[in-house]
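S.K.: Here's the letter readout for the chains.
There are 2 protein chains.
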Amino acid sequence: MPAEQNLNIVPFISVENMMDLVLSTGTETFLKELAAYVEEDFRRWDLFDKVARIASHSRDGVIELMPASDGALYAFKYVNGHPKNTKSGRQTVTAFGVLSDVDSGYPLLLSEMTILTALRTAATSAVAAKHLAPKGAKTMALIGNGAQSEFQALAFRSLLGIENLRLYDIDPAATERCRRNLSHLGLNITACRSAEEAVEGAQIITTATADKQNATILSDNMIGPGVHINAVGGDCPGKTELHRDILLRSSIFVEYPPQTRVEGEIQQLAPDHPVTELWKVITGQTTGRESDTQITLFDSVGFATEDFSALRYVYDKLNGSTRFEKLDLLADPDEPRDLFGMLLRRQAAAQNSPEMITA
Amino acid sequence: MPAEQNLNIVPFISVENMMDLVLSTGTETFLKELAAYVEEDFRRWDLFDKVARIASHSRDGVIELMPASDGALYAFKYVNGHPKNTKSGRQTVTAFGVLSDVDSGYPLLLSEMTILTALRTAATSAVAAKHLAPKGAKTMALIGNGAQSEFQALAFRSLLGIENLRLYDIDPAATERCRRNLSHLGLNITACRSAEEAVEGAQIITTATADKQNATILSDNMIGPGVHINAVGGDCPGKTELHRDILLRSSIFVEYPPQTRVEGEIQQLAPDHPVTELWKVITGQTTGRESDTQITLFDSVGFATEDFSALRYVYDKLNGSTRFEKLDLLADPDEPRDLFGMLLRRQAAAQNSPEMITA
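Going line by line, the protein sequences match chains L and E.
Take the first sequence: its position 223, counting from 1, is numbered 223 in the numbering used here, and each next residue is one higher.
Take the second sequence: its position 109, counting from 1, is numbered 109 in the numbering used here, and each next residue is one higher.
Don't take each hint at face value.
Since the list gives no way to pick one copy over another, a pair counts as held whenever it fits inside one copy or between any two copies.
Derived pair list, reagent style DSSO-like, types lysine-lysine, alpha-carbon separation capped at 30 Å [said to hold, decoys possible]:
hint : residue 1 : residue 2
1    : Lys84     : Lys135
2    : Lys326    : Lys84
3    : Lys50     : Lys130
4    : Lys32     : Lys50
5    : Lys138    : Lys84
6    : Lys87     : Lys326
7    : Lys138    : Lys280
8    : Lys130    : Lys84
9    : Lys326    : Lys135
10   : Lys280    : Lys84
11   : Lys130    : Lys317
12   : Lys32     : Lys326
13   : Lys138    : Lys326
Think of the hints as simulated: they come from the structure by calculation, not from any bench.
Chain L with its partners taken away, still in its complex shape (with noise of 0.2 Å):
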């Protein structure tokens, strides 16, 4: 947490601060202290406010608001999701948050969450996969190979030792990137030819492509029995990577299930279809993996308390840290209730220095 500040200032992290912050903690440490934080806010669930994501759907993509409360913090995320952004060199998803507190209101931090959300997805996969894949797995299929490849990569190694990577993308262009980007770090990559060649062996089957349609990234024959699926790319409606006879052999586990039913695999699904909620796992109320031969699905969305968690560990990371702006983002009027003062005083002090607040 800063140091006592002016109420008027509200701590910014950019994006090079980001970095810095991911850089100096170390990218495997960073993915491991964030998955415990994300693990310790599923097991707190009963205590957190929460509610879909609100979106507002638009031709070519969708603006997203996502906030969750514990009852002493607040966070929100804005998030987009527009695929044809890469034409004109923009991401597809850029993010930024803002951590309050509840009893006053105000503002903790602002931050960048493009960065940050790539980490906490992949941060989240890996807790998910902690209590859902088949122990020991050493072999992970990565398919779909752009901005959140490599990221699930580290968090698959750091939290579940994943040596061997098998990575293929319909661009083979992106599977090259993504195989350098992670060629000094000591993992067997193998870049594959197609998705069915990338899921041989593999116990862990990430899947994170980012087409907005109805995609049958794998197809049933391709899933044996044991594996786990990790299905991060399918996160809104209309936008799916599995074919539906894989979901109905699996075992499917999601964070929030009034979101995903809209959003996740399991729109192909029935209404009703089983689900088990992720926390009910993680806290021990439900058994997760039962047998060497059931298949586990993580029909991962992204929810709101991921992003809370997020946030909650870059604040408490700033304790002490000077990696941080400050914006001047709030009124502070000498009197509380004298907002329109402000403004007289600022006239009045123009007075003196009148370029100030010529136009």
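Fit chain E to the known structure of chain L by using the hints.
M.R.: Chain E alone, transformed into the frame defined by chain L:
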């Protein structure tokens, strides 16, 4: 609109920049221009993607998100309401907001909105009164002389030509401060010792009190025929200002019924009590005031389209201005899908200047 910029940068209007923008424009001119944007967007009501604000209630207050989009632009506001905050020198209400481009989902502007909300609330009240108040009204009672009061006074002078102001607050110091703040602006101001005294001779009665409770700021016998009531303070569940009998005698005009039914004065009435949507009056689809004896009531709670209008106005005013800061809010990798590569390149750069990323 600011000039062409790097994709990572979002313009930010601080509290200081907002004050200077208001002062360099002139507060009354700012209110008049802002009111034109608010009115224009009410005319385009059908275009908007509308949703009641998303509230997170706690013991001492509420934190709300208020999104709206017209299909080309998207805006949301973060706003809290914590009446006890003034005891610790904080504002009851603080706010900030973001305007975004719907096509890309990228934010165009981050702005303080504590001051801007006070201005847009007053501007909206004046827009409603322009269509509802008796013609030629020169006298307004202003009950509740807190942070919103001076803005209401200026908006009603600027848009309706109000000349006489009758102030009352349970705290005489608030009335005195309001009177003093407005003393050089040419209004005839009368400080009153009761709400009854304040409403004498007033054609418009504005209530803007802050207590979070069902209060009776106005009782039925205080309301004569023909007046326009601008009820600003009753704006969340359990917080009302008017006696129910006044509502039963009034023609009631609201912003967005699904929100006002929960938050406005009409929470005291049956859920099917007839109300008229303000946009229908503004577009001429419905008559506003129909007679000299009719009591009109604008049951204002503040709706997301008004914040949209305020951000749109401020964004337009930034054109050619340097009155904003540049925030490094959005990750902008050299290649859009290579988010992880950004981290690697930052790390490589740091090997030349290691102090960059040490803790």
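S.K.: Which hint numbers doesn't this structure obey?
M.R.: The structure breaks hints 1, 5, 8, 9, 10, 13; every other hint is satisfied.
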